[in-house]
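Asks: These are the residues of each chain, in order.
Protein chains: 2
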Amino acid sequence: MAKARVPKRPYHHGKLREALLEEAERILNKRGVDGLALREIARRVGVSHAAAYHHFEDRDGLVCALAARGFERLASDLAAGARRADGPAGFDEMGVAYVAFAARRPGMFRLMFGPEAAAGRADPEIRANVDAAFSILLEGARTIVATPGDDRAVRCVALRAWSLVHGLASLLLDDQLSHHGLALRDHERIAREVLAARRLLL
Amino acid sequence: MAKARVPKRPYHHGKLREALLEEAERILNKRGVDGLALREIARRVGVSHAAAYHHFEDRDGLVCALAARGFERLASDLAAGARRADGPAGFDEMGVAYVAFAARRPGMFRLMFGPEAAAGRADPEIRANVDAAFSILLEGARTIVATPGDDRAVRCVALRAWSLVHGLASLLLDDQLSHHGLALRDHERIAREVLAARRLLL
Chain A
59 MAKARVPKRP YHHGKLREAL LEEAERILNK RGVDGLALRE IARRVGVSHA AAYHHFEDRD
119 GLVCALAARG FERLASDLAA GARRADGPAG FDEMGVAYVA FAARRPGMFR LMFGPEAAAG
179 RADPEIRANV DAAFSILLEG ARTIVATPGD DRAVRCVALR AWSLVHGLAS LLLDDQLSHH
239 GLALRDHERI AREVLAARRL LL
Chain B
59 MAKARVPKRP YHHGKLREAL LEEAERILNK RGVDGLALRE IARRVGVSHA AAYHHFEDRD
119 GLVCALAARG FERLASDLAA GARRADGPAG FDEMGVAYVA FAARRPGMFR LMFGPEAAAG
179 RADPEIRANV DAAFSILLEG ARTIVATPGD DRAVRCVALR AWSLVHGLAS LLLDDQLSHH
239 GLALRDHERI AREVLAARRL LL
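Chains as they are written, first to last, in the working numbering: chain A, 59 to 260; chain B, 59 to 260.
These are computed hints drawn from the structure, not numbers from a lab.
No experiment lies behind these values; they were computed from the predicted model shown.
All the given hints hold, so there is nothing to weed out.
Beyond 10 angstroms from chain B on every Cβ pair, some chain A residues (computed):
| hint | residue |
| --- | --- |
| 1 | Leu74 |
| 2 | Ile85 |
| 3 | Arg131 |
| 4 | Asp135 |
| 5 | Ala190 |
Selected chain B positions facing chain A (in silico; Cβ < 10 angstroms):
| hint | residue |
| --- | --- |
| 6 | Ala176 |
| 7 | Leu235 |
| 8 | Leu253 |
All residues carry an ideal CB built from backbone N, CA and C; glycine is no exception.
This is chain A alone, in the form it adopts within the complex:
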């Protein structure tokens, strides 16, 4: 069992919430969503579980807060990806960033798109962060569509691109590609090759 880290001085209110979320994410990426328990997280951060319950009403509250945090990070990673190159190449880099997010934060990725967080989609913080991530995707899609003024076409291309990287990330995480010689640790090279494969088409 991991030793509790006892903080030298009491946490400032906002800092404790952050510390609890960070510890929760660590557990999440190691053991998956089923491994999350507010009591253990509190113990590892070195506070009473009453203090933890002060920040998250219950496990569902913690899951929602984690999902909101995950979508915020995803949006920021996608934006950083897009800045790595101009135009269509920037959109490809956004895709590479999506797969990298899943590879580096597997538990978080599964939680964000899993049934528990889907049930909490009405939560305004999750909603806002999901919308922000989707806006970045739409902006990117506008750079690769032949008719950027056609919103319907842009949305369709965005959904296509999202499906592609979501599927690749899922197949890699779920160990469906290792017998094709494709390992999760090579996610960046694989994502770049798969995204560039559009140039191989008729």
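Since the structure of chain A is provided, determine the placement of chain B on it from the hints.
Replies: Frame of chain A; chain B shown alone:
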């Protein structure tokens, strides 16, 4: 609780295995892989659990047999999709068939690509059926790649296409698209639009 169906006469050996798998798949698509229990399946088919254990050593054996059956069906659905049109259009229809498979057999789809079946991938029956499905995908990819003799290019295009439809199927099943006005029941139209969106690109 569902009533057990009592068969009028004893099952022929092969027929009982088939009946158990059919009942298991029914439960799987309704309640997911966690809902599978060999005892309940035996009861519903109207045989003793000893008779069921004669066909499947344990729950893992049942999961493997289900996954093998799933990949066999998937291969047959993909081949049927490809036959609906020639060339690139046929490859798109294969994609529509993949998403339709997931939409119609959600529990089976999750089982096939989930951790339990991945652990059983060494099973020769699963292996053979996965390879058969992948061969159909490769054959299709060869019809849309600019250099059909280039095996590396064909594999890359196949992985790209698989990722795309796997991602779309997952997003639909995991209820990630309903707030974009896209419902699982419209999977055929959505898949066709997303696949055709390649013509919207620059």
